[in-house]
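Chemist: So the chains spell out like this:
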Amino acid sequence: MKRLLSLLLPVALTAALFALPGVAGAKPPTEGECMECHGDKTIEKSLPGGGTLSLFVDEKGYRASVHGKGACTTCHTDAKAPHGKLEKVSCGKCHPDSEKSYAQSTHGKGHAKGEREAAWCSDCHGKHDIRKSGDAASRTFRLNIVGVCLKCHKDRAIEEQYKLPGQQVMEAYENSVHGTALKKSGLLGTAVCSDCHGNHAILPGDQPRSATHRQNIPTMCGKCHPGILEQYEKSVHGKGMRGGIAESPVCTDCHGEHTITKISDPSSPVFSKNIPKTCSGCHEKEGISSRYALPKKRFSTYMDSFHGIALEYGMTKAANCASCHGFHDILPSADPESRVNKANLPKTCGRCHPNAGPNFAKGPMHVEVTPQKAMGVFTVRVFYTVFISMLVMLFVLHVGLEHLGRRRRRREAEGGKG
Amino acid sequence: MSVDEKKEQPRESLEREIDAVVSAETAGLEPEQAGEIREKIRQRVRAEMEREIRLKTAADRREEARRIREERQKEKHAGEGRMFQRFNRNFRFQHMVMFSSVILLIVTGMPIKFPNFILSRFVISLWGGINNSTIVHRIGALMLVYFMVHHLLYTILSRDGRRDFVLLLPMPKDLRDAVQNIRYFLGKVKEKPRFGRFSYIEKFDYWAVYWGCIIMIGSGAFLWGESIALKYFPKFVLDIAHEMHSDEALLATLAIVIWHFYNVHFNPERFPGTLMWWHGQISEHEIKEEHPLEYEELMAKQAKTAAEVNPQ
Chain A
1 MKRLLSLLLP VALTAALFAL PGVAGAKPPT EGECMECHGD KTIEKSLPGG
51 GTLSLFVDEK GYRASVHGKG ACTTCHTDAK APHGKLEKVS CGKCHPDSEK
101 SYAQSTHGKG HAKGEREAAW CSDCHGKHDI RKSGDAASRT FRLNIVGVCL
151 KCHKDRAIEE QYKLPGQQVM EAYENSVHGT ALKKSGLLGT AVCSDCHGNH
201 AILPGDQPRS ATHRQNIPTM CGKCHPGILE QYEKSVHGKG MRGGIAESPV
251 CTDCHGEHTI TKISDPSSPV FSKNIPKTCS GCHEKEGISS RYALPKKRFS
301 TYMDSFHGIA LEYGMTKAAN CASCHGFHDI LPSADPESRV NKANLPKTCG
351 RCHPNAGPNF AKGPMHVEVT PQKAMGVFTV RVFYTVFISM LVMLFVLHVG
401 LEHLGRRRRR REAEGGKG
Chain B
1 MSVDEKKEQP RESLEREIDA VVSAETAGLE PEQAGEIREK IRQRVRAEME
51 REIRLKTAAD RREEARRIRE ERQKEKHAGE GRMFQRFNRN FRFQHMVMFS
101 SVILLIVTGM PIKFPNFILS RFVISLWGGI NNSTIVHRIG ALMLVYFMVH
151 HLLYTILSRD GRRDFVLLLP MPKDLRDAVQ NIRYFLGKVK EKPRFGRFSY
201 IEKFDYWAVY WGCIIMIGSG AFLWGESIAL KYFPKFVLDI AHEMHSDEAL
251 LATLAIVIWH FYNVHFNPER FPGTLMWWHG QISEHEIKEE HPLEYEELMA
301 KQAKTAAEVN PQ
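Going down the list, the sequences are from chains A and B.
At position 164 of the first sequence the residue is numbered 164 (this note's numbering), and the sequence of numbers has no breaks.
At position 235 of the second sequence the residue is numbered 235 (this note's numbering), and the sequence of numbers has no breaks.
Derived from the structure by calculation, the hints contain no laboratory data.
From the three backbone atoms N, C-alpha and C, an ideal C-beta is built for every residue, glycine too.
Treat the hints with caution; some may be incorrect.
To be verified - Part of the chain A face toward chain B, derived, beta carbon under 7 Å: (1) 223; (2) 312; (3) 377; (4) 382.
What the hints assert, rightly or not - Over 12 Å on every C-beta distance to chain A, these chain B residues come out as not near it, computed from the model: (5) 16; (6) 17; (7) 37; (8) 60; (9) 65; (10) 120; (11) 124; (12) 210; (13) 231; (14) 239; (15) 247; (16) 251.
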């Protein structure tokens, strides 16, 4: 009897397995068994909305993926053959760190709230065909990331629903120095979305933990531009920023964000012709200049100088703010390291005016025409204002009287005749 | 007599030659017709040869052209009387160099003084941008410097230059003339002031150019050679030069546009302008009206020379 039982049991169990799906302790299906159904390209399920969802799994693509050596049931733990709707795959079982940072991100939080459009692992990484990010065929390969993000972020409906930045922001990236380096030159070293915004832990820029929050921007840009970050950290702007002065400019305040272009591009805010406008955006603000005891009227005095006028007319070799003050390494003139320190002025001016000597430093650079700041220029201006107005008045008076006299004489002559 | 004979000789031989050719060609024609043709040709040849003999040199030709022009002028303006040479060729050339340079300087300079003026950008773009217009400005500057040097040499070396310089010096009479002129405008006196070769208006113009050239060339040199200037002068001196250059430019422009243009071109007697800067001549009518003292002097001189030539 015992012998008979041992012979029958497997048969019975096998029969039971096929006859009664869902019986506890049932053996998970093998890949071959899964592919029996899911290898069929036409297999699909109708959705309540009316559309259909293909249930086809490309086995070749799966085998080539990073998970290709595993089994279907590693992820689809509740799969049996045949089966109804399966539970959502949890990647966090094997990737706990990624899941944790994802949960704190704006996508993760949205997903937890049930927002269907919030990106989930598979939206960026794919499903069965996930590859390593170093693999050129991967969705998360550097050259492909922008496309993956834009799948949702260029969708007008999603933008409007979640009040995301508009299309023009995304388009600006594509025309930016980073975007063209990516698209035209195919450079891996260029900045793609995730380099600035992060990957799993993406947060909006107004949150302090976001990579794109103001206080994190220099560090973030410095990942790729470390030499410039080093200069910036030593500058008055960098020190101010690190000291917690929120008004101190960070990279994006001068260069722009998605719109960053080369400095030789006339649309760049740091193109030579645009620099005075960019700097004066802060330095002409009454609040900023009085709060930080900065000298005033820097912009207007510059625009009155030949440098300013020539630059405005398009002479790009004319000195702009950065030509004298520097850019990443700006320091107050009191600092002996500053390019505009009196001791360094001959060298700074000498970059354009050969043989510049100490006389360059004698007299104000931004000439404010007041008796206190520039007595000589003020005197000349007052003299000429008086002189010109007097002479012009005399001219007009002389010409006018001559006319009146002529008219009077003509009248008299006519009267005499009549 | 002998000179005339010499002239007659080639003429006769040429006439004979032409006669021979005409006879050969008109042999088949009626003698009357042939005679007519011969007479026509002879007259034409004679007129041409006479002209040739008279106009031996280029100078003669120019003189002839001038005479013809003058005759035409006289026919046109019968009331103007004969023409007097007021400005010589050298002086007119100086004036042309100066006004071309000043026009260049104003056109390229004013947009820099008034960058916000609505036409400034357009005027700069006419030259193909600021880089070119600054070069044009420097060309204008060189022309003005040349004019200044030329005029100084003219004043020192030329007889006309020395005479005019003396006549241009301000005199107490100019002040009296100015006062009288104003009173005349107002109808207080019946008589116009009697000006010499240069009225106080013209003297003002002349000395304004002197003053302007000194300031503009001086300050402009500082701005052009800023690196050299800053070797010897502190920066605030350059700032002053910059201010002077800009303000004096405005003054000069206003003086030219209001004072000079009105008095010389736009005043009703001359409107729409005079070409005296081109031909340098003044009519008898005008010189009597504007420079009576000079006219009287000229007449007195002419009478004196005439008396010397024909002492009777």
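Chemist: Hint by hint, which ones does this structure get wrong, listed from lowest number up?
Modeler: Violated hints (numbers, rising): 1, 4, 10, 11, 13, 14, 15 and 16; every other hint is consistent with the structure.
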